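**Student:** All chains should be built: construct the whole structure from the sequences, respecting the hints.
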Amino acid sequence: MANLKELAQKEELFTGGHRLCAGCGIPPIVRLVLRSTDAELVAATATGCLEVGTTIYPYSSWRIPWIHSAFENSAATISGVETAYRALKKRGRIPKDRDMKFIAFGGDGGTYDIGLQSLSGALERGHDFLYLCYDNGAYMNTGIQRSSATPLGSNTTTSPAGEVIPGKEEWRKDLTRIVVAHNVPYAAQASPHNWKDLEKKATKALATKGPTFLNVMSPCPLGWYTKPEDSIQLAKLSTDTCYWPLYEVEDGVLKVTYKPREKKPIVEWLKPQGRFKHLFKPGGDKVIEQIQELIDREWNRLLDLDGKQIF
Amino acid sequence: MAIENAKEAQVGLTGNSAVALAMKQVNPDVCPAYPITPSTAIIETFSSYVADGEVDTELITVESEHSAMSAGIGAAAAGARVMTATSAQGLALMWEMLYIASGMRLPIVMTNVNRALAAPINIHCDHSDSMGARDSGWIQLYSETVQESYDNVLMAVRIAEKVKLPVMVCLDGFITSHAIENMETINDADVQEFVGEYEPETSLLKESELPATYGAMSLPDSYMVFKKQQSEAMSGAKKVVEEVSAEFAQKFGREYGLLDSYELDDADVAIVIFNSATGTTRVAVDELRKEGHKVGVLRIRLFRPLPHAEIAEALKGLKAVACLDRVDSFNDFGGPLFNEVRSSIYDLEERPKVISRIYGLGGRDYKVSDARSVFEELLGIVETGTVKEITKYITI
Ligand SMILES: Cc1ncc(C[n+]2csc(CCOP(=O)(O)OP(=O)(O)O)c2C)c(N)n1
Ligand code: SF4
Ligand SMILES: [Mg+2]
Numbered sequence: 001m002a003n004l005k006e007l008a009q010k011e012e013l014f015t016g017g018h019r020l021c022a023g024c025g026i027p028p029i030v031r032l033v034l035r036s037t038d039a040e041l042v043a044a045t046a047t048g049c050l051e052v053g054t055t056i057y058p059y060s061s062w063r064i065p066w067i068h069s070a071f072e073n074s075a076a077t078i079s080g081v082e083t084a085y086r087a088l089k090k091r092g093r094i095p096k097d098r099d100m101k102f103i104a105f106g107g108d109g110g111t112y113d114i115g116l117q118s119l120s121g122a123l124e125r126g127h128d129f130l131y132l133c134y135d136n137g138a139y140m141n142t143g144i145q146r147s148s149a150t151p152l153g154s155n156t157t158t159s160p161a162g163e164v165i166p167g168k169e170e171w172r173k174d175l176t177r178i179v180v181a182h183n184v185p186y187a188a189q190a191s192p193h194n195w196k197d198l199e200k201k202a203t204k205a206l207a208t209k210g211p212t213f214l215n216v217m218s219p220c221p222l223g224w225y226t227k228p229e230d231s232i233q234l235a236k237l238s239t240d241t242c243y244w245p246l247y248e249v250e251d252g253v254l255k256v257t258y259k260p261r262e263k264k265p266i267v268e269w270l271k272p273q274g275r276f277k278h279l280f281k282p283g284g285d286k287v288i289e290q291i292q293e294l295i296d297r298e299w300n301r302l303l304d305l306d307g308k309q310i311f
Numbered sequence: 001m002a003i004e005n006a007k008e009a010q011v012g013l014t015g016n017s018a019v020a021l022a023m024k025q026v027n028p029d030v031c032p033a034y035p036i037t038p039s040t041a042i043i044e045t046f047s048s049y050v051a052d053g054e055v056d057t058e059l060i061t062v063e064s065e066h067s068a069m070s071a072g073i074g075a076a077a078a079g080a081r082v083m084t085a086t087s088a089q090g091l092a093l094m095w096e097m098l099y100i101a102s103g104m105r106l107p108i109v110m111t112n113v114n115r116a117l118a119a120p121i122n123i124h125c126d127h128s129d130s131m132g133a134r135d136s137g138w139i140q141l142y143s144e145t146v147q148e149s150y151d152n153v154l155m156a157v158r159i160a161e162k163v164k165l166p167v168m169v170c171l172d173g174f175i176t177s178h179a180i181e182n183m184e185t186i187n188d189a190d191v192q193e194f195v196g197e198y199e200p201e202t203s204l205l206k207e208s209e210l211p212a213t214y215g216a217m218s219l220p221d222s223y224m225v226f227k228k229q230q231s232e233a234m235s236g237a238k239k240v241v242e243e244v245s246a247e248f249a250q251k252f253g254r255e256y257g258l259l260d261s262y263e264l265d266d267a268d269v270a271i272v273i274f275n276s277a278t279g280t281t282r283v284a285v286d287e288l289r290k291e292g293h294k295v296g297v298l299r300i301r302l303f304r305p306l307p308h309a310e311i312a313e314a315l316k317g318l319k320a321v322a323c324l325d326r327v328d329s330f331n332d333f334g335g336p337l338f339n340e341v342r343s344s345i346y347d348l349e350e351r352p353k354v355i356s357r358i359y360g361l362g363g364r365d366y367k368v369s370d371a372r373s374v375f376e377e378l379l380g381i382v383e384t385g386t387v388k389e390i391t392k393y394i395t396i
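In order, the protein sequence lines correspond to chains C and A.
Per my numbering, the very first residue in the first sequence carries number 1; after that it's consecutive.
Per my numbering, the very first residue in the second sequence carries number 1; after that it's consecutive.
Don't take each hint at face value.
[Stated by the list, open to error] Computed cross-link-like contacts, EDC-like style, restricted to lysine to aspartate or glutamate with a CA-CA straight-line distance of at most 16 Å:
no.	chain 1	residue 1	chain 2	residue 2
1	A	Lys-316	A	Asp-347
2	C	Lys-96	A	Glu-376
3	A	Lys-164	A	Glu-201
4	A	Lys-319	A	Asp-365
5	C	Lys-264	C	Glu-293
6	C	Lys-204	C	Asp-251
7	A	Lys-24	A	Asp-190
8	C	Lys-271	C	Asp-240
9	C	Lys-277	C	Asp-296
10	C	Lys-204	C	Glu-250
11	C	Lys-89	A	Glu-199
12	A	Lys-319	A	Glu-376
13	A	Lys-206	C	Glu-289
14	C	Lys-89	A	Asp-56
15	C	Lys-89	A	Glu-207
16	C	Lys-90	A	Asp-56
17	A	Lys-24	A	Glu-193
18	A	Lys-392	A	Glu-376
19	A	Lys-294	A	Glu-255
20	C	Lys-308	C	Asp-251
21	C	Lys-263	C	Glu-298
22	A	Lys-206	C	Asp-99
23	A	Lys-206	C	Asp-97
24	A	Lys-316	A	Asp-265
Treat the hints as calculated values from the structure; they're not laboratory data.
Note that the structure is predicted; figures quoted are calculated from it, not measured.
**Tutor:** This is the structure:
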């Protein structure tokens, strides 16, 4: 694992000049992950903010070979690239000593929802790649529609906080758990505020043979109705409140990688975000209570499993 | 295998086995595979070639056809020669990705064994699947026989890589895919020599100062420019199909044009048709010729790009033509073949009357007697000078 100085000296593979919003969580995640290996990288990206914001023809922020084919198939696309790599290497058309790694990026919509099948297929087939989901909790690129990663109570354009229904009515899908159920050699949750933890996990994932997975919290000032300068603080709060537990599952052993000294109440994360504003009006406390209960339950489940072999 | 010893061998093969054999002889780098009747045997047979080490292709046993084409796109963008096969619902599920494969100019070769689209679900032959994909930017070759299916797959590799567009080779479900025909195979070495090495100019894996970008977002300032280039490539594909077919004929002795005319030279009336039903129609032609009627058949081998000038030339001087579509466009105005043939001949000084007859949907039999009735109708049109029904379902 590199220290900050070493990381800063590494080649920048994801350049500025892209059109992602100020305060967006995606660029720091991608910049760090692309620094987490010395191997040559190829990336696939699903349709979404990361894709739309970084490759507006004829410009690109990517200094590595890159492909976007559609919204729901980042994993399937990279599985083709990775297979071609093996095929061409086997046939001597790529030198034996050329070491390449493959990353598929997708948003929560492209991963939890429409891309779940192709992700599952690629994991099951055992391709040698890292799938990175940046979870900003909604379809942001198309104007903040709910996804199955959207938190309960969140106001989105398809789960609006109305007179009768107080925002999204369902809890979020636990995608990391679904991925772990594929018995992949490495899967983890991370957050960009804890760059050390993220870099460590990305390095492990990229060094591991076989399919690996990172689910990374990605603040979105536009969709969360927050200030750009608060994004990293909000990412930290998502882990201090245990809304977004940091943990990894390596060869079947689960390890919680961050335990807040004092677990903060979820209100501290909800309050600064405009998407939860309606929950602070009369009647909203019930929803907040429900969110707190669900978080506690999940956190306790993880603490119970901490250090254990789970598959 | 015995066939490897002879230069050309006579064998009895089904359409699916012949396509699988062609794929084996090409030995592509990557083959994404997903089963669907009636093309399943292609990928099953090919999987056994992989398992037995007869090819060293990397097989990707994807979880859907959408992923088959997505993985094919990833592999082709990475510089691999990619081949696959599908039918009907599988092709429909790929629909989004078909356009992405052609838009990225990736020379994927896919066999589509023609089958009806649901609902109602039906596994038998018609052309609704590949006709639904006719505007997806894929070159489309239609095959009458097992022999032609095999030959087309081999030629498709060369055509795709030269034009930088994907090619779909179509053959009739069950009628061609499952029937055994006598055919000639080419030996492995000659196939290898014919298809040659594939080395694309750019790819994701090619070492380069400028890393490749596939699938960038293109705004109104550039999108149309890309589409015009794609359109020009498609127009140019006609010449490439002719050249590759000519080279194939010279090497292996079997000649294929863009179209295939039978008894058209002095004909008054003709049926225009695709694939296996052509043979049935030829029998009717022979019968009617014996009875003194000047009838003929025009089979379309290349449908994308459309050989419109050649179609007009072939139908020049005829008095009445029936376009037989094994698919309905549900437009109250006939099938795609009808509309495109009719449009192709519009600029002729003297145009034949053109009617649409929809036949054989969902595997419905098309018999010599059906072809005869169409010819008789056409002869009636010539006699009376009037068309009673422009569009009609037959074989029902
Ligand atoms: C098949 C398909 N359906 C819908 C869309 C429209 N679409 C593009 S991006 C997107 C949402 C992306 O959401 P997410 O994956 O969370 O990424 P984000 O925008 O948040 O970065 C949608 C719905 C599409 N491009 N393709
Ligand atoms: S909308 Fe949100 S996720 Fe998209 S670029 Fe802006 S901040 Fe980032
Ligand atoms: Mg999102």
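**Student:** Where does the structure disagree with the numbered hints, that is, which hint numbers, in rising order?
**Tutor:** 2, 4, 9, 13 and 19
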